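Asker: Chain by chain, the residues run as shown.
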Amino acid sequence: MALKDRIQETIDSEDVVLFMKGTPEQVLCGNSARALDALRSVGAPVTAVDVLPDPAIRQELSALSNWPTIPQVFVRGELVGGADIVQELAETGELREKLDGALGEGWQERGRQERTVELAEGQGPAGLRLVP
Amino acid sequence: MTVRLEELLRQAFPDATELAVEDRTGGGDHFQVIVASPRLSGLSLVEQHRLVYDALAEPLADGTIHELRIKTRGDD
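Protein chains in written order, with this note's numbering: chain A, 1 to 132; chain B, 1 to 76.
These are calculated hints, taken from the structure and not from any lab test. Accuracy of the hints is not assured; some may be wrong.
[Stated by the list, open to error] EDC-like mimics (lysine to aspartate or glutamate), calculated; alpha carbons at most 16 Å apart, straight line:
| hint | chain 1 | residue 1 | chain 2 | residue 2 |
| --- | --- | --- | --- | --- |
| 1 | A | LYS98 | A | GLU121 |
| 2 | B | LYS71 | A | GLU91 |
| 3 | A | LYS21 | B | ASP54 |
[Claimed, not checked] Some residues of chain A that are not near chain B, with every Cβ distance over 12 Å (derived):
| hint | residue |
| --- | --- |
| 4 | ALA2 |
| 5 | LEU3 |
| 6 | ARG6 |
| 7 | GLN8 |
| 8 | VAL27 |
| 9 | GLY30 |
| 10 | SER41 |
| 11 | GLU60 |
| 12 | SER65 |
| 13 | LEU79 |
| 14 | VAL80 |
| 15 | ALA83 |
| 16 | GLY93 |
| 17 | ASP100 |
| 18 | GLU109 |
| 19 | GLU121 |
Bear in mind that the values here come from a model prediction, so they are computed numbers and not experimental data. Even glycine gets a Cβ: it sits at the ideal position worked out from N, Cα and C.
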C-alpha cells in the first residue's frame with residue numbers, strides 16, 4: 001500500500017490520531033508535547049504517528065489534510081487542528097464534548113490506550129505497541 | 001521580521017479588530033500571532049487557522065517561520 005494510503009487508512013480507522021515529532025515516550029518538539037498533553041488531559045485514546053522517520057510522511061499528510069504544520073490531531077477521520085486548537089479545546093471542555101460526540105458516551109470506560117503506529121517504509125509492518 | 005508578518009496578516013485581514021505578532025524567543029523564527037476579524041466569524045477554528053496559514057504561506061514555506069502559534073477569533 002502506498003504511504004499516502006497508509007496515512008489515510010490510519011486517519012480513517014483510528015479513533016484519535018496524533019501526528020507528531022517523536023513518540024509519546026520521547027517527544028521531540030514543544031508543539032507536539034502540547035498537543036499530547038492536551039489529549040492526555042482528557043484521557044483521549046491516542047494513536048501516535050511519528051513523522052520524523054520519513055519526510056514523505058509529513059509531505060503526504062499535509063497534502064491530504066491541507067494543514068502545513070505538525071502536530072495534527074484527527075478524531076474519527078476529522079482534522080481537529082494543531083497544538084493551539086487542541087490545547088484551547090481541552091481548556092474550554094470542547095475536546096471532551098467532541099470525543100463524546102465522535103466516540104459515543106462512555107468511551108473513557110473502555111480503558112485508556114495510548115499506542116504508536118509506524119508508517120515509514122523499512123520499519124516492518126505497521127505495528128501496534130501498547131504503552132503503559 | 002514581525003513587521004513583515006504583520007503586513008501579510010494586515011493584507012489578508014484588512015478589517016482586523018486585533019492583530020498582533022510576537023517574536024516569542026527573540027530569535028526571529030518563533031512567532032505567536034493573534035488575529036480577531038469579522039472575516040473569521042462563523043468559521044471553525046481549523047478554518048480560521050487555515051486562513052492565517054494561507055496569509056503566511058510564503059514565510060512558512062521558505063523557513064522564515066520555524067514555529068508558529070496562532071490564536072484567532074471571529075469578531076462581529
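Asker: A:GLY30: least C-beta distance to chain B exceeds 12 Å?
Answerer: Since the minimum Cβ distance to chain B is about 8 Å, A:GLY30 lies within 12 Å and the statement is violated.
Asker: Against chain B, does A:VAL80 hold up as non-interface, every C-beta pair farther apart than 12 Å?
Answerer: violated, 7 Å
Asker: So A:ALA83 supposedly isn't at the interface. Is its beta-carbon more than 12 Å from every beta-carbon in chain B?
Answerer: violated, 8 Å
Asker: Any Cβ of chain B at or closer than 12 Å to A:SER41, or is the non-interface label fine?
Answerer: holds, 18 Å
Asker: Confirm or reject the statement that A:GLY93 sits farther than 12 Å, beta carbon to beta carbon, from all of chain B.
Answerer: Label holds. Min Cβ-Cβ 14 Å, cutoff 12 Å.
Asker: Going by Cβ atoms, does A:ASP100 stay more than 12 Å from chain B at every point?
Answerer: Given a closest Cβ separation of 18 Å, the condition holds.
Asker: Confirm or reject the statement that A:ALA2 sits farther than 12 Å, beta carbon to beta carbon, from all of chain B.
Answerer: About 25 Å separates A:ALA2 from the closest Cβ of chain B, which puts it past 12 Å; holds.
Asker: Would you mind confirming whether the straight-line C-alpha gap from A:LYS98 to A:GLU121 stays at or under 16 Å?
Answerer: Judged against 16 Å, a Cα distance of about 33 Å means the pair is violated.
Asker: Does A:LEU3 clear chain B by more than 12 Å, comparing its Cβ with all Cβ atoms of that chain?
Answerer: holds, 22 Å
Asker: Regarding the pair B:LYS71 and A:GLU91, is the alpha-carbon distance no greater than 16 Å?
Answerer: holds, 14 Å
Asker: When you look at the beta carbon of A:LEU79, is every beta carbon of chain B farther off than 12 Å?
Answerer: A:LEU79 not clear of chain B: closest Cβ-Cβ about 6 Å, inside 12 Å.
Asker: When you look at the beta carbon of A:ARG6, is every beta carbon of chain B farther off than 12 Å?
Answerer: holds, 23 Å
The structure shown violates the earlier hints numbered 1, 3, 9, 12, 13, 14 and 15.
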